[in-house]
Amino acid sequence: MPRYLVERYVPDLSASEISAAIERLRGVTDEMAAEGVSVRHVGSTFMPEEEACFCEFEAVSRDSVAAANERAGFAYARIVAVEHLSR
Amino acid sequence: MAEQLVGRRQELAVIEAFLERQDDGPTALVVEGVVGIGKTRLWAEGVERAGSGGFRVLVARPVGAEVRLSFGGLGDLLGEVAAETLPDLPGRQRRALEAALLLGEPREPPDPRAVGLAFIGVVETLARGKPVLVAVDDLQWLDSPSGELLAFAMRRLDAAAVRLLAAVRKEPGVGVPFELDRALGDGRLQRLALGPLSLGALYELVRTRLGLTLNRAALVRLHETSAGNPLFALEIGRELLRRDIQPTPEQPLPVPGDVRALLRERLARLPQRTRDLLVMAAALPRPTVGLLEAVISRRDQVAADLERALQAGVIELEADRVRFTHPLLASVCDGDVSARRRRRTHARLAQAVDDPEARARHLALAEEGPDPVVARALEEAAAHASARAAPQAAAELWEAAARFTPSDRRVDRRRYLHKGADARHRGGDLAGARVLLEELASDTPPGPQRAELLLRLARTRDDDLSTAIALCEQGLAEAGGHEALSSRLHRHLSLIVSNRNGEQPSLLHARKALELAERVGDPELLAPALASVARCERMTGEVTPGLLERALVLEAAVGLPNAFERPSVLRASWLAVQDRLDEAREGLEAELARAAAEGAEIAMTTLLDFLSALELRAGNWARADELAAECCELHEQRGLELQGSMALSCRALVDAHLGRVDQSRSASEQGAALSEAAGDESVLLRSLTALGFLELSLGEFERAADRLCEVTARLEARGMNLWTVTSSVWTDAIEALIGVGELDKTRAMLRKYEELARPFGSRWPAATAARCRGLLAAADAELELARSNMRSALEEHEGRHWPFDRGRTLLALGSIERRAKQKRAAREALEGALVIFEDLGARLWAARARADLRHIGGRAPAADALTPAEQRVAELVAEGRTNRETAAALMVSQHTVDSHLRGVYRKLGIRSRTELARRFAQLAQRADGRPN
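Each protein sequence line maps, in turn, to chains A and B.
One rule links them: number in the numbering used here = place in the first sequence (from 1) + 3.
One rule links them: number in the numbering used here = place in the second sequence (from 1) + 22.
A portion of the hints provided could be inaccurate.
[Unchecked claim] If you want the footprint, here are the derived chain B segments under chain A, 3+ residues with CB under 8 Å:
| id | region |
| --- | --- |
| 1 | 217-223 |
| 2 | 235-242 |
[To be verified] Which chain B residues face chain A? A few, computed with CB under 8 Å, are given here:
| id | residue |
| --- | --- |
| 3 | Val-28 |
| 4 | Gly-29 |
| 5 | Arg-849 |
| 6 | Glu-850 |
Hint data in this document are derived by calculation from the structure and do not stem from the laboratory.
Fair warning: this is a prediction, and the values are worked out from it, not measured in the lab.
Using N, Cα and C, we set each Cβ at its ideal position, and we do this for glycine too.
Sequences and hints are given; from them, build the entire structure.
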């Protein structure tokens, strides 16, 4: 299944607030999965110096990633498709 | 400011923590950063949070226009609260503040300190209801009178719940404006440096403010180019939007590498007429719509141009007030005009503004070279500033007036320089005053006019008494037959010469000043002259009867501005010399309150010093400690060099009494160094006296003797005989000499001491001399004589309250009785001494008493045995005395007696005075060998 990276800039959130938001997001993806939309949060990386956060999703489409994030109320800058490179 | 603050979470947390601090006393947070970094935005957020957090907020937002109005900042801060707080101020302060705020016609030129005290009064009143936040944006642009007033207030608001939140443009090598860090003291001023915004914050910033969404590559590029500076980033963002560019990785951002250039381009896109209006606005310290209409006189034009500027985001409107959205925009507007154009702008503005100071400054900026019209306007403005208690602003204006005076108008020019020097002196800028006076003096031929200048110069030279003396002497030579001037010169000499050369020369000058003043017959000259003579006479003991009374009468009629010259101060301190300590205290405290109300800090230091010494004599050492601390604090705050050494010697003496060895030594050494630097011997001697007393208290007789004999020798040479009565230096020296066995020297010194002390009529030297004679007799192994002398000394103490001296006498008696093998008498005396020393806090002397008690021998005391102090108290109570009588007999507080008695009851396992009496009777019977 394709993978997508959600790029966010979060200058107004603390690390714990970001974690809480991600938890919410995971809850939303579970709900959506139960509703039949395949979207899974793989992991997140926070860059404190840049106040930026990247979240990786495995999902059927970019739209379902966007829907999940909007439903969770977690603003983002961009969603881009990513490819994992083998070692 | 409608926009949301982006990012800056950590900085906001610092501000929150600052607002929540519970301090007793004022604190400050200064937000620092380069242009455009977002200081004002953060500061504004802080102000808003304070407001909603229950603070009373006073706000000032000065701008960078060249013309800054005196007390403009103060007006901003107090504008809204003046009506509610001014009526509660004492008359003098209220009038001073009203004058500063242009709220009324002043009756006399107000004292800047009175304005400062008034401001403190207002803030304290407000702080009773809610905590107060004084918020100043762009602190570096606050007008100096307001800035200095803020520093003055911050030093003195001790317990009030007041905070200061300021934003400051950071310049390398430049400290906090108005030395506020120094004014507030350790740990009370926090500095928050604003660094660049993060990548994430920058993203949010351009997105929310401009609607511009950048991809990561462009975002990173923007962050690099702008160095995270929000102002720069926004300007670049605007440019990108305007040119409709999406930056690509290969190309650099197509914008100039300088934020000023970007702003210039933004302004260049506005019509010429709008730009002209903005140049006007940038040149005004407080641009308003009304003012701009007055200058341009086409209201519709002004309205249209303001609207364009508003739409372009260059200005914002706060009611009638026009403000640039960023000071850099104003700076670019102003900086880009030619010098000629700028002068024309200021010429037009001069016509339009009302305030005389603003008008004069605009006129000065409109002209290049000397111009009598401008000079006159500046003169008026200077007088106006003076009347508003802004002496530094007045000085600048006087000096500008001098510069604009054509070279053929020498008289006018000199008058302006004179006034400038006066204003500088009044504002405390002695160095600045000196420069002007020296210029004037070099331009004046020898004669009375120059002599006057030389006297004024001498007055600025507190730091170098030799030069001051030389100046006065030259002045006398040039004064010719001018008697009033010569009188004043002699009087100043009398003051400074005593610090260097001694009392006799000082007295001679004072008498000469009086003689001349009598001839002139002017009460305003006569009053201080009489006061001078009275003061000098009291140093030597040769008092002319009735002279001080004459001085007091004149003082009441004429008033003497210089607080520490006042006969009323002299009279109060003279009461102390007459052993009337309670009356002296009352008088000195009244004078202190008076000096405080006038903000006369030099006088206050002197008075605090007198009072501290008085309380040491009277046995109120905790109070003496407080007074010494206050004295030192005043010095700290004002950096008054000469008074600093006095404060330090005061501190050193109190610390020595309380047994704070290291602190005392350090204070003495510092004080001595300062006095030597200024060439002021009298204060040097005080520091050495404190040091000598410390050595004596430590039992270091040789060092003490060296130190103290040096002092007494110099005192004698200088004729400072008053010290025989006001200081223990002579008796300490004598005791030290006895300690090292120099008995012949001691005998001579004792005779000298009694001789010099005689004219003063105090009984204190009699008591202490008797003690010294007793010690001397003991040293000669004449114990009976020694005891008899001690008893005489103790008799002198009857009915007087000099606890420490009484303690020292008992200590001496105790050791004599011990040598005479009278153990019981020795124990009684030493315990008496110990009780006194413990009560006073005389650590070192108490240790001596304890050591002597141990030498009396006998069994080691059991763990629950009574301490000597408890023993003493118990004995007296067992005899039937009340606690009050016991306290009086031992010269300690009743509280001490209560405390000791509780200890006695506990240790003896008893519960009443009757039981105590019975127990003692039993003990006495056993001691006598009688059966129970």
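Status of each hint after checking the structure:
Coverage of the region 217-223 of chain B by chain A holds. Counting CB-CB distances below 8 Å, 5 residues qualify, and the rule asks for three or more. Residue count for the region 235-242 of chain B with a Cβ under 8 Å from a Cβ of chain A: 3. That meets the three needed, and the coverage hint holds. About 6 Å separates the beta-carbon of Val-28(B) from the nearest beta-carbon of chain A, less than 8 Å, and the hint is met. Nearest Cβ of chain A to the Cβ of Gly-29(B): about 3 Å, under the 8 Å cut. The hint holds.
The interface hint given for Arg-849(B) is violated, since its Cβ lies 72 Å from the closest Cβ of chain A, which is over the 8 Å cut-off. Below 8 Å, beta-carbon pairs count as interface contacts, and Glu-850(B) has none with chain A, the closest being about 73 Å; its hint is therefore violated.
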